[in-house]
Amino acid sequence: MDKRTIVCKVRLTPEEYDLFQRKASGYHNVSAMIRDAVRQFNDIGTVRRMEALNEMTELYRKYQQDLSWLGGNFNQSMKRANELAIGHELRQEYYDQVILPQVRHILTFLEDIKAEQQQIVQKLIKHPSST
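Following this note's numbering, the numbering of the sequence shown begins with 9 at its first residue and continues without gaps.
In short, the hints are calculated from the structure, not lab data.
Incorrect hints may appear among the rest.
Pairwise CB distance ranges, derived in the manner of DEER restraints [as the list claims (entries may be wrong)]:
1. L67 with H113: 23 to 33 Å
2. I128 with D44: 27 to 37 Å
3. H96 with E59: 54 to 64 Å
4. D26 with E66: 39 to 49 Å
All values reported here derive from a predicted model rather than from experimental measurement.
Virtual Cβ for every residue (Gly too), placed ideally from N, Cα, C.
From just these sequences and the hints, can you work out the full model?
In structure tokens, the structure reads:
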């Protein structure tokens with residue numbers, strides 16, 4: 009093990025000093041706590057990227073929930089439209105010419121959103137430090 013011979017002075021307020029002491033309670037001494045902290049968090053940019061990644065994850069979850077909710081409602085609407093068409097309460101031509109084309113458009117749109125979300129996730133997994 010290398011001998012530690014370099015001393016690094018740090019100026020602290022009394023509150024900061026108390027904080028250092030509390031944080032170091034699980035370590036052998038304050039120096040050990042600081043060395044460990046520096047190894048774990050080597051720059052502010054990393055912390056900001058992690059915060060941004062956490063925010064992105066929350067947004068992703070929210071959008072996934074919204075898309076699931078939307079998909080459920082969409083399925084219920086289509087089921088009802090099919091029932092009406094089968095029961096002759098909705099003209100088949102209206103169903104075929106108006107509803108069905110719109111449904112296809114909406115499905116394509118939803119699939120595109122999901123694909124874009126998946127691409128973002130893949131980029132984050134492959135290159136988490138480039139966010």
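Of the hints stated earlier, which fail here?
The structure conflicts with hint 4 only, although it agrees with all the remaining ones.
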